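Please build the complete structure, drawing on both the sequences and the hints.
With this note's numbering, the residue at position 356 of the sequence shown is 356, and numbering never jumps.
Just so you know, the hints here were simulated from the structure itself, not pulled from any lab data.
The structure displayed is predicted, hence computed values, not measured ones.
Glycine is no exception: its CB is placed at the ideal position from the N, C-alpha and C atoms.
Mixed in with the good hints there might be a few duds.
With beta-carbon atoms standing in for the labels, derived distance ranges [claimed, not checked]:
no. : residue 1 : residue 2 : range
1   : Leu335    : Ala363    : 35 to 41 Å
2   : Ala363    : Pro122    : 49 to 55 Å
3   : Arg253    : Ala219    : 28 to 34 Å
4   : Gln329    : Glu11     : 22 to 28 Å
5   : Asp292    : Gly178    : 38 to 44 Å
6   : Asp15     : Arg100    : 17 to 23 Å
7   : Gly314    : Thr96     : 21 to 27 Å
8   : Ser27     : Met352    : 38 to 44 Å
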Amino acid sequence: MGTVDWDWFYETDPDGLDAARRLRSRSEEVYVGYNSRYVDIYLGRFGNHWSVHDRRGGFLTDNPRSFDQIQFELGNKTLSFQSILGVLDNMDPDSTFTGRSSGTQATRRYSFFHRLDWSPTPALKLSLIEGEIYHSPTASISLRNLIPLHVIFLESANKPRNADSNAMIGGSIWYQTGPFTLFAQGMLDDVLVSRRKERKRSGEFYPAVYTINGSATWANVTDRLDVGAEVDVVSANSYRTDNRADEWSYLQRGLATNFSDYVRLEGHATWYPTPSLEVEPALTLYRKGEGDFRQLRITYDPGPDGAVPSVLTGTVERTIRPSVSVRYQPLDLGLFDDERAVRVSAWVDADMGVNVITDAGHAEGRSDRRFVGLFRLSGQVTF
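Laid out in structure tokens, this is it:
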């Protein structure tokens, strides 16, 4: 299967590096694979989203550009194991990311992800998730953590340790009863439990590193209306350490989320006036601290007054955002017969809202109000 995307946003994306150099085009979903009742294997470049549809997660979502990978899944609908070995972008010798790092001084970066899913009933799914980024100037594709019986949480620190790494562990729960769907996912990176006082005195202590993502949906409030709520808590030191090569990103877009050090609450209603049209008004409350996972980890200053909170550090920027998003898909056609299936799709996305900001830019007393919108016209040919 293969798709080639043309997107002006490759060049104007404010959060990531320009991923497309020629004709603003990039192969986003190109892979070969094999699937059967109990085994799926894929090799290529494609996206992953280890969360519920269109919602955030703590490990791997559709936020980054798709990256080259080997992926396989073993099991059935009740019990399954999924493993990913991914190739990330290299880091320059000066600890920056340009998307063009090469040579013997560049730091090569790779990723592993494991996910064990258990569904005792169709209405309940429990998942154990772990991930790791490993790197060194001589790192290469390693099969160690692609094997299901290797536990990243244990193996990442074992010898032979041929590369530095940053590992995380967590899990999720999905539950549905009647029209209600609940989802929660948590990630834990580091919690320092030993030598806490000594580390605080020396300035080597840092608060817990974690993320919490949750959502609740009430479907079919009427025959064309759903309502829901979301919550995200991402700690200040999430997705970073004291080595930038550990950064949880690909082409400067976060593998899970594009920011750290924030708390977000949202309520929304989704209306379906026609089968091809979706309208979603929402109200979002957003609190953003000064932490940034594209910088090195922050630690306590030496002494008793050097504490920093685990989330919402520094001057906190506060935002209230009423918004409305629209998706319209006027075209979705299948061409030819089953043996030469080609599908042509086109859709329009718009997300418009007003950001009312207090302490804008993390400056006390500064306020701002601005209209922020995104309009996207997309087309896809799948073969």
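Quick rundown of the hints versus the structure:
no.: 1; hint: Leu335 to Ala363: 35 to 41 Å; result: violated, 55 Å
no.: 2; hint: Ala363 to Pro122: 49 to 55 Å; result: holds, 51 Å
no.: 3; hint: Arg253 to Ala219: 28 to 34 Å; result: holds, 31 Å
no.: 4; hint: Gln329 to Glu11: 22 to 28 Å; result: holds, 25 Å
no.: 5; hint: Asp292 to Gly178: 38 to 44 Å; result: holds, 42 Å
no.: 6; hint: Asp15 to Arg100: 17 to 23 Å; result: holds, 18 Å
no.: 7; hint: Gly314 to Thr96: 21 to 27 Å; result: holds, 23 Å
no.: 8; hint: Ser27 to Met352: 38 to 44 Å; result: violated, 31 Å
When held up to the earlier numbered hints, the structure conflicts with 1, 8 and fits the remainder.
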